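2 protein chains.
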Amino acid sequence: MSIRIIVAKFGGTSLASAEQIKKVIEIIRSDPDRKYIVVSAPGKRNKDDQKITDLFYEWYRLNKLKISASEIQQIIEDRFSEIIEGLGVDFDLKSEMKEIAKNIASGAAADYAASRGEYLNGKIIALALGYEYIDPSACITFNKDGSYHKDRALIQVVLSGKRAVIPGFYGSLPDGSIKTFSRGGSDITGSIVAWAIQADIYENWTDVSGFRMTDPRVVKEARKIYELTYRELRELSYMGANVFHEEAMFPVQEAGITTNIRNTNDPDDSGTFIVMPDKVPETGCLVTGIAGRKNFTVITVEKKMMNQQVGFVRKILTILEENNVSFEHMPSGIDTLSIIIDDTELQGKHEKILSSIEESCQPDSIKMEQSEMAMIAIVGHAMIRMRGVAAQALDALAKAHVNIRMINQGASELSIIVGIDNNDYGTSIRALYDSFSSSHEML
Amino acid sequence: MSIRIIVAKFGGTSLASAEQIKKVIEIIRSDPDRKYIVVSAPGKRNKDDQKITDLFYEWYRLNKLKISASEIQQIIEDRFSEIIEGLGVDFDLKSEMKEIAKNIASGAAADYAASRGEYLNGKIIALALGYEYIDPSACITFNKDGSYHKDRALIQVVLSGKRAVIPGFYGSLPDGSIKTFSRGGSDITGSIVAWAIQADIYENWTDVSGFRMTDPRVVKEARKIYELTYRELRELSYMGANVFHEEAMFPVQEAGITTNIRNTNDPDDSGTFIVMPDKVPETGCLVTGIAGRKNFTVITVEKKMMNQQVGFVRKILTILEENNVSFEHMPSGIDTLSIIIDDTELQGKHEKILSSIEESCQPDSIKMEQSEMAMIAIVGHAMIRMRGVAAQALDALAKAHVNIRMINQGASELSIIVGIDNNDYGTSIRALYDSFSSSHEML
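Listed in order, the protein sequences are those of chains A and B. In terms of our numbering, the first sequence opens at residue 22 and continues consecutively. In terms of our numbering, the second sequence opens at residue 22 and continues consecutively.
Source of the hints: derived by calculation from the structure; they are not laboratory data. Computed from a predicted model, the values in this text were never measured in an experiment. Careful, some of the hints might be misleading.
To be verified - If you want a taste of the chain B side facing chain A, the calculated C-beta under 8 Å gives, among others: (1) D299; (2) N316; (3) S436.
Claimed, not checked - Calculated pairs, BS3-like style, for lysine-lysine (alpha carbon to alpha carbon, straight line, at most 27 Å): (4) K324/A - K324/B; (5) K324/B - K325/A; (6) K336/B - K336/A; (7) K324/B - K115/A; (8) K373/A - K324/A; (9) K336/A - K324/B.
Cβ atoms here follow ideal geometry from the backbone N, Cα and C, with glycine treated the same way.
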């Protein structure tokens, strides 16, 4: 008799076809501890394929425009038929589709439509596995304002003692209607289930064997990260490493549960373990990962004796707040201040913000460099104990002829963030990887 | 016939005794362009001596307490008598002292008392030089709120065509009463005079031969800086290099006038030239100076998804503003934010600020490290064009086994600021000086 509980979440590409789902079923059956299975909607089978969730959204939009969605309905039905037949299960797809069509036609919300991919996939996979089907609207609940309503006891009661398949991505509002998390939210559902039932491990099965030390689009041979902490992951994923949903780590982190990122197409690979800080071995590994993002806008304000003016910076931040713009960093010199903003935050507000700052703060000068900067985070829990990481990073960039426009270290003990020109992004990632990947071998 | 105009300001140690003032007179007479002489009150003749200005303040305070100040009056009179006799001028000190005593006794303000050292010294030196005496209350004017009232024309009219001695440090309010600048304000008077009459050069004579590349209390052999820009000086003086009054540079900088810091005791030394950016030669010199200060307090706030909360940082700054506390730097990581504050700003407000932030922002954690950090600025106008300065600095610190707690580069193109433990201050200054002083030779 097993005493461990594993919550296993499978992503869209792991469940895109009967062939993929068969791999998933084999994985689940290979370890009897895998008791709670959270599933996504079928994703893309290849680069040019469509995601079922996108098709459901499209169906919803066409219905709103009073345009026939019959072609889309047919594509959805064909995709699921292939899965049902391939798995050889007895599932009444026709009447399910009819019910969904009826609800969408009579005005069900976008969230309802979007969630039907998970719903159908969950029911089919439960049948194939011989597990119970639990609809998340029975235990994943939201508050009226749309935020997740933490109810550990409800989940425990609904799932207690069962082996179950639970669709990811959605739950229910107080009035019983369907509400979804943000895109990729099945990761969150899995994390909440693991948190609620205090799982021993949360497995997150996807199409890659875990995290790599840096972006493989830039560094093809980038090594796998065997183990990292939640805090390291938070810094890396914020800066662009997006294998795991940004918000999904909080429930498991709160419960102290290890997450294991695994590859459905390579189940023998142990993947990446995301652990709590107290579980991290003392390795000689300096840098865990290097992640970055492009297209940041820099606003630079100069004003003499700025530091003596209490409230100067607060005025600028109030202007950003009034424009609903959040900023990333704010390096300050003497009499100068830069504000670094993700360009997507600024959509069309550039001029308005500039003139408001001019009017309110009367700076000696103000300058905006639009969407010209990239930021790279060098992340590692061992950095705080080791001197010289920053020096090594900057030396690697200098030798690669990269001009460093900003350095930010200090708030987090785990990371150094450098700002560079967009054009230097690839060169910089490569130079940093080359410099730090050898120390990674010491793991 | 000379066509240049030099404004020469002499500081307290340059005018502390008849012997020193004789050197000053010789300096003035050696160049007929030195037409406007701004003087301080007599300063210390040696380490254990008293400044005349301090004695006048003390006189004022004793008078308020209704305690006799006759001993202090006698010390002041003796000091000026020594100067008058040494210079062999005919000056009625007795009646001047009587007039001052009468005014203080009848309730003249502290600023009046404080300004009498400059006043007496100015009159005596004007006599010795054969220059006209111009009282600054006739041309250096303040607004009702105590801020300097810019009136270029007035100064031009009052000084036009003359050779004059003008006491520094004070001027007059709209009601005619005396108002002083902050301590060391004679530097400001000289700068304003140079600005108003569009001098060719502003000479600032003191007891050192200009700026040194770093704090000579830490690095005895620190080299002299031959030339630096106003903006470099601003960054260095903000961080602790205090040969020249922080606010004194603005008028001359505005007028594009070069300032020359000179040593009264070594007039053959050309001193340090402070120039406009467009006058800076393209040298190979990477770093102009290294300056630092100790005792900064660091508040570190952690909150998950902080960056998505528009207004989070603004709330913290509003709390600082309500407590009238200004901050220096604010490095931010993902979900973490540090606020670095000069500890003198926080006097007794630590607990109040911490609890206000807790209440208003509900952070996941908050931590205050009181007065534990030092900051060092590495300043150089050539840095922006040269890659690798930051790498070199951090490498030097790493090799000296200094743990870097903060790095801030980006707002100013002229400086990199590093935060270190107070205890590492001397080691760091020494390591940075050793690393960059050789590149200084390339000047």
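Results for each hint:
1. Below 8 Å, beta-carbon pairs count as interface contacts, and D299/B has none with chain A, the closest being about 16 Å; its hint is therefore violated.
2. Annotation: interface hint on N316/B violated; nearest CB of chain A at approximately 16 Å, more than 8 Å.
3. Using the Cβ-Cβ criterion of 8 Å, the hint placing S436/B at the interface with chain A is satisfied: the shortest such distance is roughly 6 Å.
4. Among the hinted pairs, K324/A with K324/B is inconsistent with the structure: their alpha-carbon atoms are about 31 Å apart, more than 27 Å.
5. Restraint check for K324/B and K325/A: not satisfied, since their Cα atoms lie roughly 33 Å apart, outside the 27 Å limit.
6. Distance hint between K336/B and K336/A is fulfilled; the C-alpha atoms sit about 11 Å from each other, no more than 27 Å.
7. This hinted pair does not check out: K324/B and K115/A have alpha carbons roughly 48 Å apart, beyond 27 Å.
8. Among the hinted pairs, K373/A with K324/A is consistent with the structure: their alpha-carbon atoms are about 20 Å apart, no more than 27 Å.
9. Only pairs whose Cα atoms come within 27 Å are accepted, and K336/A paired with K324/B is accepted, the gap being roughly 22 Å.
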